[in-house]
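*Asks:* What follows is the residue order along each chain.
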Amino acid sequence: MCDTCGCAVTTGHGRINGQKRNGAQSEGERASVEVLSSLLAANDHQAAHNREHFRRHDTLTVNLMSSPGSGKTSLLEVTIDALASQSSQLRVAVIEGDLETENDAARIRAKGVPAVQITTGNACHLDAGMVHDALHVLDLDAIDILFIENVGNLVCPASFDLGHHANIILLSATEGDDKPAKYPVMFRAADLVLISKADLIPILGDFDPKMAESHLRRLANAAPVLQVSTRQPETLVPWIAWLEEMRQTQREGTDLRSRVLTGGTAFHQAG
Amino acid sequence: MHELALCQELICQLEALANQHRAERVDLAVVLVGPLSGAEPSLLQSAFIIARSGTVAGTARLEIETAAIRVLCKSCGSRSEATPTNLTCRDCGGWKVVVEEGHEMILKTVEFTRATAAMAPDARLSEPIGLGDQDV
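Protein chains in written order, with the working numbering: chain F, 1 to 271; chain D, 272 to 407.
Where hints are given, some of them may not hold.
If you want the footprint, here are the derived chain D segments under chain F, 3+ residues with CB under 8 Å [stated by the list, open to error]: (1) 318-324; (2) 333-344; (3) 353-363.
Under the rule of at most 16 Å between Cα atoms (straight-line distance), these lysine to aspartate or glutamate pairs were calculated in the EDC-like manner [claimed, not checked]: (4) D/379 x F/34; (5) D/367 x D/382; (6) F/210 x F/234; (7) F/111 x F/81; (8) D/379 x D/336; (9) D/367 x F/213.
What the hints contain is simulated information worked out from the structure, not anything from laboratory work.
Small disclaimer: the values here were computed from a predicted structure and weren't measured.
All C-beta atoms, glycine included, are put in the ideal place defined by N, C-alpha and C.
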């Protein structure tokens, strides 16, 4: 892929780009220089490069983030089935991020869908370089929607732009309705919040979806909040509709950007 | 603990700047980190000690400036300060606000010591001062 577009920057930590510099003011042998560049300039550069790949190949890319065990992989399994039954026949692929094991990619491949597993070792998040490496293994021309399942972590992944178009954050009913207040940086980045394991809400009795949404609004985030349960396929209808609408919006040429908050650049525009 | 990844990026930038300005060593890096950036200042300090080791910034200090969160209300037009868990407008209580400040994560300024070689074309022959001589 990158042989054709000529890109050379591939792995994780590249060199700096896009710096604004004033001239150094020398004081004998000591000098100071004003820099004003993002600490994530190299990642942001790689992310912009990934985004260009997605644009050229007309692929919608969504980043799934949540705490471990909230049901990201299970949601992807039923989403693959649901999309297969739609008339739109969207073709999907998945990039899986975990510290160790190929388990999640194997679950996705069992559905007949291409999956690339990134094992990060001890790294707590995916970065744009890791995703770029994974893109080399995929045929983006044969993919309408690429799901990136980020490392289960409600803190670090929020800071790294991967070049994707939307952030989907899962909040499982068992985690408590105050999660958006506890992890504001992550939930501020949401373009869509899915309350997962929603079939458990009546059993738990202490999870109030309205309260979860109210915490999200206090973070000045207008993102829609949907309830889903992998055991109740009818709850997936609005989620599938959201995906198809995003895909259609992208096909119409809209430059979709996720609300990644990096280096002083705010994509956040409420309501 | 993505602060280590952030500090590794910071060191990459410091090395490039040192190279560009023919600096012998970096003495100080000043960064601005807003409360909504997702980076924790104390963890950044710890990570910087690890990341700087063996680099041109091996003895550099990291100074971290913090910032307030400021929001502009799209309903009433007022500007106010906010907290990380409550970004609503202080005046009207509305949540349709734009966060204008608070998510910064910026390398602001760098101070360094230049090798004497950088001062004059022929200075390479003179004895370098300071810690490193990697440019020679």
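*Asks:* So which of those numbered hints doesn't the model satisfy?
*Replies:* 1, 2, 5 and 6
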